[in-house]
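Colleague: Here's the letter readout for the chains.
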Amino acid sequence: MQIPAPFDYVRATTVEDALELLARHGPESRIIAGGHSLLPMMKLRLSRPEWLIDINDLFELDFILRDGEDLRIGALTRHTTLLESDEVHRLFPIVRDAELVIADPVVRNRGTIGGSLCQADPAEDLSTVCAVLGAIAVVRGPGGERTLSMHDFHRGPYQTAVGPDELLCEVRLPIRARSASAYEKVERRVGDWAVGAAGASVTLAEDGSIADAAVGLTALGLDHTVEEAAGLLRGKRPSEELFADAGRLAAEACDPVADQRGPVDYKRHLADELTRRVLRRACARAAGHPDQPATPTQEG
Amino acid sequence: MTVIHERESNPAAGDADRPIGYGRIQRKEDPRFVRGKGHYLDDIVLPGMLHGAVLRAPVAHARLVSIDTTNALAHPKVHAVITGKDLEGLKLAWAPTLSADVQAVLVTDKVRFQGQEVAFVVAEDRYAARDALELIDVEYDVLPPLVDARRALDADAPLIRDEMEGRTDNRIFDWEMGDAAETDAVFAGADVVVSQEMVYPRVHPAPMETCGAVADFDPVDGKLTLYETTQAPHAHRTLFAIVAGIPEHKIRIVSPDIGGGFGNKVGIYPGYILAVVGSIVTGRPVKWMEDRSENLMSTSFARDYIMQGEIAATKDGKILALRTNVLADHGAFNATAQPTKNPAGFFSIFTGSYDLQAAHCKVTGVYTNKAPGGVAYACSFRVTEAVYLVERMVDVLARKLEMDPAELRLKNFIKPEQFPYANKTGWVYDSGNYEAAMRRSMELAGYEELRREQQEKRAKGELMGIGLSFFTEVVGAGPRKHFDIVGLGMADGAELRVHPTGKAVVRLSVQSQGQGHETTFAQIVAEELGIPPENIDVVHGDTDQTPFGLGTYGSRSTPVSGGAVALVARKVREKAKLIAAAMLETRPEDLEWEKGRWFVKGDPTAGKTIEDIAMAAHGTLTLPEGVDGNLDAEVTYDPPNLTFPFGAYICVVDVDPGTGRVLVRRFIAVDDCGTRINPMIIEGQVHGGLTDGVGMALMEIIEFDADGNNLGGSFMDYLIPTAMEVPDWETGFTVTPSPHHPIGAKGIGESATVGSPPAIVNAVVDALAPFGVTHMDMPCTPARVWAAMQGRATPPI
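Line order of the protein sequences matches chains A and B. Using this note's numbering, the letters of the first sequence map in sequence onto residues -17 to 282. Using this note's numbering, the letters of the second sequence map in sequence onto residues 706 to 1502.
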């Protein structure tokens, strides 16, 4: 049994209470939700918080709610809830694509969207999902509530704009007509961190051309979306050539590092390959075509 | 010979319909496991028990400059801190390994691998023990590490074992089998010679339960009770007597329920010795239980063989000879658990299932700055490496000759009439019908149809691969005159007592780690005596309660202890015959046996059941001259030869050409383990081994960086397969009993682990044939498969 260094523990009862506890215990305190990132780090004694503030009783942060042109998701919403939500799937199919390949059911039953985004692991899938969907993060602190685009929220590997006395409370996903999205990941084994993954969201114009698009990459050394690909895609009609060009741009934009999961050239190749796949699938979905089975055919 | 009679399980069947003897019955041990009532090492709590924790080296190679334990000792809950210096005083700083080497219990001079044991803290609870580790100050003088085995024999390589007098290099042994000159001559005259280097990477058995011990030394009577996660309790008792100087009769080893062993729990780890020292020093029981990272980083690894293979054949596909040179990385201490005369285990079975004219292998073992071990992970003493070599080489040859790999194998098999078959490296294969097993697997797979499907897919650019492997295992060591571990002959004992009411207890020297011994061995007694398995208690894992024997590894429990149990039951049966004759007032030679009773020949109504006889044996009957008043017996079984299970495996994979992802779509496993005692248990063993094979072929590897850091120290980094990576296993069987074994059984525990990796790799290589790929090394991760597709396949080490 791996045993963490000594720490104190307290359960917050409300968001206000959690914020007060954060203020009281200072920067050596950590919020714990699902605990699937923090607890392993603590057991290895790589993370040694003095206080854990448990927010699992904050049911007020566990919701999925349609509110006008936004889908609002509470930060404490579990991966399983996101995976199983038909409404989320209908509006943002990328979420189910991603949730199906996030860890395993045991982790998904506990892990939360807020925890995932705040951990900001470079191999974490929901950061990419939220980035390509143009999500807005709602953060509360002593000074009240503020909203941040994912670009402003995500500051790089393991870094977010959430201050030590703040709490991520909600994620808002803007709902757009004629839009769809997709996600695909390569992993060495179910539950392993991604070797690489890509997500895409597209909005089609009435004439079937691409009105707006976003492409994001996971674990490939790119924090936000591939702006060059979005620029290329806008105004063009979906085609294999266009997806291939976008894939090339994604491969150029990424900056992966070699590790046990693969060397740089392979990861760059994945940026290209997976970008093409998710764009193909997102465009087909936006045009109302049913998903084709994942094709193991030679491509490109 | 035993009649094979498999009755399907029928949960609705009453007792009368259940098989008494061999057959598909549910495991007797499972009710306690499925109800959470198993009793594992970490469940043991003794009064006054303290907890130990090991401080481990953060670097791979470093001189130990100083250790300061002052602050740790000042911790209010710490009872003792033990260092290498303390052990030197007790002459326990170094302990003998199972391979005629020594291993540091705690570092005294220098660290030789990352994760090596440096100090041991004994504290009130496990939390305090872990906290106190951080209070020990150690100063290291870091040395350049030796990580690459290929560099181990270079003149400028760091010398790992500089404490050994006269040692100037890292060579542990050179070992050869077969006739080099004869082999070279056959190669020189062959039409076709192909060679291939292949790496079987370092992997780890990773049992679900990590290793641990609870030592309870009684200072009054001097008796040590040591609860251990061990596959070999009796061998451990003898070794502890030798190492610790405690008289053997004052040592009791108890191996409770074991959560998986796979060879990981054969050796004696420093933690076990430290728990004993901790108990002696504090006068209280001490528990030590390693965590997952400790298990992965410091306990017995497996494989780590770099093999250069060569195969010679005629141009029409008759295989003539095989030869190989192997570089074996044994880590910092030679601590492999294997028979004394076999430094490379049973690797010389690399001639496989083929009738060859010549064969030769040379294995060089070297030290590196890595954890010791080497024979583990269900490898049957290196048969995994041997089978991988020959089965990959045959596929490499098939490609060269443009022959179907099934056809090439069928053409070269040892034929049924050639058994017993003496191969070119000194083994005598007991029995086999290889073609029948091969054809059965091809039939189950629909081999011709699969090849047609592959052609269609290739035309569309899809990558489908079909891989074959035909393995011959060699298990069941002894015979004791040839095979020993640190001088202890590899025989096993069994004791059987039939109680007055006809219920029985059988005591074994082997220890189950999940294989279902409590069921299998009860079924063997049941088959021989006709006592229902549920009326037979199987006792194992406690040296005070069981006869001596070498334990469970190398698939030896059924071949060796199974023989012992069958023979002890027959001994009881013969004794029962004498008693029955007295009861029936007739001569023993006039009696005939049917399962469960002796009766008078020609008069079946005049008979006595085993229950009747048991009561009479313990009762008032006047017993014949020389017959004791019980129905008990004991034997030690020394097998006359090893047994040679075999099997034919076919794997079907799909490879995603865009990402290199491998999907194992189908796996067909036909096993022949001789007589089948409980088919359900056999299938369970096969399923587990096949899953191991998927793990090794696709994802498992313990890697090291250039500084000697272990990169596989957690389950985040060391991947083992899940249900999501494996297909529905399709199993089949043939039955070719061993002619020399009392019940014709050959053993099954490791067959699938041995046989499956080459089938999977052969399938991946076959899938990649359109890219001109003729070989790739494990693990076939997406990145490595993609590199192979680009023509850049590289060895993993």
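In case anyone wonders, no lab produced these hints; they're calculated from the structure. Do not rely on the hints blindly, as some may be mistaken.
Stated by the list, open to error - DSBU-like cross-link-like pairs, simulated, lysine-lysine; straight-line CA separation at most 35 Å:
#1 25/A with 815/B
#2 1020/B with 1067/B
#3 790/B with 25/A
#4 218/A with 1162/B
#5 218/A with 1165/B
What the hints assert, rightly or not - Covered stretches of chain A, as calculated for chain B (at least 3 residues, CB under 8 Å):
#6 165 to 177
#7 250 to 264
Claimed, not checked - Now the stretches of chain A that chain B is said to cover, found in silico as 3 or more residues with beta-carbon under 8 Å:
#8 59 to 71
#9 145 to 156
For each residue, glycine too, the CB sits at the ideal point set by N, CA and C.
Colleague: Now tell me if each hint is right for this structure.
Modeller: These are the hints, each one checked on the structure:
1. A C-alpha spacing of about 28 Å is found between residue 25/A and residue 815/B, which places the hinted pair at or below 35 Å, so the restraint holds.
2. Distance hint between residue 1020/B and residue 1067/B is fulfilled; the C-alpha atoms sit about 27 Å from each other, no more than 35 Å.
3. A hinted pair counts as satisfied when its Cα atoms are at most 35 Å apart, and residue 790/B with residue 25/A qualifies at roughly 30 Å.
4. Between residue 218/A and residue 1162/B, the direct Cα distance comes to roughly 33 Å. Compliance with the 35 Å bound is thereby established for this hinted pair.
5. Simply put, residue 218/A and residue 1165/B have alpha-carbon atoms about 30 Å apart, close enough for the 35 Å limit, and the pair holds.
6. Here's how the stretch 165 to 177 of chain A fares: 8 of its residues keep a CB closer than 8 Å to some CB of chain B, so the rule of at least three is met and the hint holds.
7. With a threshold of 8 Å between beta carbons, the proposed coverage of the stretch 250 to 264 of chain A by chain B holds, since 5 of its residues qualify and at least three are required.
8. A count of 0 residues in the stretch 59 to 71 of chain A with a Cβ less than 8 Å from any Cβ of chain B is obtained; the coverage claim is therefore unmet, three being the minimum.
9. Check on the stretch 145 to 156 of chain A: 0 of its residues sit with their Cβ under 8 Å from a Cβ of chain B, so the three-residue criterion for coverage is violated.
Of the numbered hints listed earlier, those contradicted by the structure are 8, 9.
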